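Enquirer: Listed below are the residues making up each chain.
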Amino acid sequence: MTPKEKMAIAPQAMPEQDAKARARNMNEVALGYTAEMARCEASRCMQCPAKPCMQGCPVAINIPGFLAAAAEGDFAKALKIIRRTSLLPAVCGRVCPQEKQCQKFCTMGKLLKDVDKAVAIGRIERFVADLARENGTEETVECAPKTGKRVAIVGSGPASITCAADCAKAGCDVTMFEAFHKCGGVLVYGIPEFRLPKSIVRHEIDNLKKLGVKIETNYVVGRTRTVKDFLAEDGFDAVFVGTGAGLPKFMDIEGENLNGVFSANEYLTRANLMKAYEEDKADTPFWHGKRVAVLGGGNVAMDAARMALRLGAEKVYLIYRRSMDEMPARKEEVHHAKEEGVEFHILENAKRILGDDNGFVCAIECLRYELGEKDASGRRSPVAVPGSEFTLDVDTVVVAVGNASNPLIPSTTEGLEVNKRGNIVVDPKSNMTSIPGVFAGGDIVLGAATVILAMGEGRRAAQGILKYLGVHV
Amino acid sequence: MNKIIRKRRLSENVFEMSVEAPLVARSRRAGQFVIVMVDEEFGERIPLTIADADPEAGTITLIFQTVGATTMKLAKKNEGDFIAAVLGPLGKPTSIRGENGEKPGRVVCVGGGIGVAPMHPIAQALKAAGNEVTIIMGARNAGLFVMKDEMAAIAGDRLVLVTDDGSSGRKGLVTDPLKELCERGEVDEVIAIGPPVMMKFCALATKPFGVKTVASLNTIMIDGTGMCGGCRVSVGGKTKFVCVDGPEFDAHQVDWDLMLKRMGAFRPQEIAAKEHECNLLKAAGL
Ligand SMILES: Cc1cc2nc3c(=O)[nH]c(=O)nc-3n(C[C@H](O)[C@H](O)[C@H](O)COP(=O)(O)OP(=O)(O)OC[C@H]3O[C@@H](n4cnc5c(N)ncnc54)[C@H](O)[C@@H]3O)c2cc1C
Ligand SMILES: Cc1cc2nc3c(=O)[nH]c(=O)nc-3n(C[C@H](O)[C@H](O)[C@H](O)COP(=O)(O)OP(=O)(O)OC[C@H]3O[C@@H](n4cnc5c(N)ncnc54)[C@H](O)[C@@H]3O)c2cc1C
Ligand code: SF4
Ligand code: SF4
Ligand code: FES
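Going down the list, the protein sequences come from chains C and H.
Read in order, the letters of the first sequence are residues 1 to 473 in our numbering.
Read in order, the letters of the second sequence are residues 1 to 286 in our numbering.
Derived from the structure by calculation, the hints contain no laboratory data.
Please read all numbers here as calculations on a predicted model, not as lab measurements.
One or more of the hints may lead you astray.
To be verified - Capping the alpha-carbon separation at 30 Å, the derived lysine-lysine pairs in BS3-like fashion look like this:
1. H:261 / C:420
2. C:198 / C:51
3. H:76 / H:7
4. C:80 / C:275
5. H:92 / C:228
6. H:212 / C:182
7. H:179 / C:275
8. C:420 / C:169
9. C:4 / C:182
10. C:209 / H:3
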């Protein structure tokens with residue numbers, strides 16, 4: 001096919017649940033490509049010799065390579081190519097902000113002058129991973145002979161999963177320690193079922209077990225045992241810290257401690273991890289909000305807003321102080337949220353939260369904003385319009401203005417260097433921290449980032465660990 | 001999975017359980033707590049103080065009152081049964097006078113209802129650090145006291161019992177003897193653990209005397225690791241997370257009214273769940 005012919009192939013739309021129906025159920029919104037659609041979409045790739053798309057992928061997946069295989073219908077080969085650099089394609093295919101990464105640089109998107117018309121790399125990635133998982137045709141990975149080296153992995157998010165897998169494959173004896181009763185980190189407690197089915201995460205954890213990784217849940221490192229105990233007394237040769245950015249930020253405004261004001265972490269954890277939405281089965285109560293205000297504009301805010309609809313809210317306002325262009329959430333999530341009926345209040349911000357006599361939220365007072373001068377980040381900073389106050393009647397406020405890093409490990413690990421934001425400082429090549437034998441990666445190093453970046457960090461740390469332990473790979 | 005090694009009923013609705021948790025038993029210190037899940041898939045995570053621990057046997061002792069669905073489910077478990085999860089030890093250990101740089105002195109421990117249980121390891125540690133320990137125990141009636149003998153073993157004749165109805169010890173509230181001790185200038189520090197209302201009034205009682213008063217807060221929690229913010233309270237005008245910054249705080253700085261309101265956030269749902277659980281218990285003949 002000539003490039004012209006390829007350009008003429010219509011981009012394959014993602015089949016989705018109807019917006020009205022899905023806003024009231026927890027099932028996955030995007031239904032996934034059929035084999036036919038995946039082949040057709042993959043055949044749009046022009047196999048650009050410079051491979052610009054690869055520059056956009058934080059783990060440099062050989063994108064044209066796997067797309068060529070997919071276009072031929074050899075999905076097993078496509079998956080094999082992806083797996084060389086990415087451990088979690090079924091997850092990343094779903095949650096990567098592709099429009100800012102691989103698809104942003106895609107020539108097809110450029111030619112058609114619309115990033116949404118780029119080759120749908122993520123969707124094809126998702127398809128080939130789902131197919132192999134559902135058919136049970138994933139390749140079994142052989143671990144290298146046992147090295148006798150023992151590695152402790154703290155946390156079980158994407159950074160930890162990746163680091164654990166790579167160390168286990170290289171023949172290390174790996175134990176993963178997770179504070180919660182389920183593994184997966186944000187993938188299980190934060191990102192909702194309707195965007196990332198939990199069975200996929202469970203499958204990846206099962207794969208880890210197949211590699212011989214031992215898993216200890218309900219184990220909080222820093223309290224149950226410390227990082228230093230692991231090295232000094234428990235016989236571990238190296239430790240990887242992937243504890244994420246789990247400390248919710250609040251806005252420090254009046255009324256933030258009223259009943260009905262939640263951090264997005266609490267709101268989503270109740271619903272996802274504790275299954276509060278299955279009201280007749282779950283013991284953890286959920287909050288019956290009818291009119292919900294969500295503060296923020298990232299993926300976390302979108303997830304909270306869409307979750308509120310699914311938990312029975314009649315009105316959901318998303319309040320964001322910058323403009324639509326600056327919104328950090330994945331484009332697809334913003335689009336889905338709008339379709340489902342979330343009302344966007346752009347260039348507005350909460351000033352205070354008002355409560356009734358019993359300490360329950362009854363309204364939120366907001367201010368309008370305008371875009372002013374560009375700030376240090378290159379974005380035009382929002383400036384409040386004096387006297388523009390107005391109130392919205394709400395019974396629930398979800399604060400989703402970001403997460404800082406959890407201080408538990410640094411505060412219980414003497415000599416562990418952190419920067420002023422509390423993120424662990426690592427050597428950029430090996431991800432080793434200021435303590436020899438202790439490595440770190442993911443959100444605890446990067447600040448709240450993305451799944452694929454966390455995964456990349458886990459990979460790099462594993463290489464660092466193996467080198468440190470003198471294991472050859 | 002943690003095995004229940006021993007179970008005892010201490011009163012009508014208070015139970016004591018020793019549970020296998022070897023690592024927690026080894027590293028816990030007075031004032032710390034665990035998060036317990038009775039069942040994994042749909043269970044709730046509830047905080048319970050570590051009332052005692054046996055590092056050799058690898059067990060911790062929990063003392064709990066059946067107030068709602070989860071504590072009732074826990075009470076139904078028997079010796080040999082398993083509970084899904086025990087996470088800990090969480091929270092900051094109590095700063096024990098005599099060990100923390102301050103000279104040992106005269107410390108009054110005020111335990112209300114079930115609050116006596118978490119007080120036990122603290123009182124033990126205070127005594128061991130050379131303090132003169134007075135224990136004031138309060139309950140609605142004589143039948144509701146728990147751990148009286150254990151507390152008497154620590155405080156000797158400095159144990160003061162108070163009941164609402166006068167059925168044992170003094171009739172009145174724990175704040176009465178507390179105030180008298182303060183008036184006589186016999187108190188260097190107070191630790192109060194019990195229902196939030198009791199702790200609030202202990203704080204009010206000692207405030208005029210400027211006596212350092214510490215309270216152990218028992219807010220609603222989910223993760224217990226600082227991740228959700230559900231346990232937040234206002235202390236000295238600043239938002240603090242009870243699970244990681246506490247559970248103990250300067251009682252004079254705590255915004256008690258706000259905390260009391262926050263603890264009622266899920267009351268309607270909790271009452272419904274409790275009724276459901278009660279009916280199940282009745283149906284099971286318990
Ligand atoms: C609601 C939400 C939506 C998101 N949506 C997207 C998206 O669409 N796309 C995207 O790319 N990214 C998204 N992100 C960001 C992404 O999920 C994170 O960047 C990523 O999960 C970070 O991975 P991690 O391995 O560093 O840590 P996490 O996933 O945060 O996992 C850390 C784990 O460590 C455990 N832990 C912490 N402390 C201890 C301890 N002391 N002992 C034992 N265990 C401990 C925690 O319980 C947790 O399970 C989202 C985040 C949230 C919260
Ligand atoms: C750090 C800490 C240590 C604790 N230690 C102990 C202990 O050693 N023994 C013990 O019996 N309890 C202790 N508690 C309280 C215990 O966690 C609650 O009683 C329990 O969560 C109730 O769960 P439930 O499902 O049975 O009841 P729910 O259905 O959740 O609640 C039933 C009733 O109890 C009230 N309630 C809910 N949560 C609490 C709470 N945290 N404190 C007091 N009342 C509450 C509710 O308002 C409601 O009226 C502690 C709490 C904290 C935060
Ligand atoms: S991992 Fe993410 S960025 Fe890389 S190719 Fe896949 S979807 Fe694109
Ligand atoms: S940039 Fe787009 S068209 Fe070019 S190789 Fe990559 S995916 Fe294919
Ligand atoms: S219980 Fe979640 S932050 Fe304290």
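Enquirer: I'd like to know which numbered hints this structure contradicts. Please list them from smallest to largest.
Expert: 1, 2, 4, 6, 7, 8, 9
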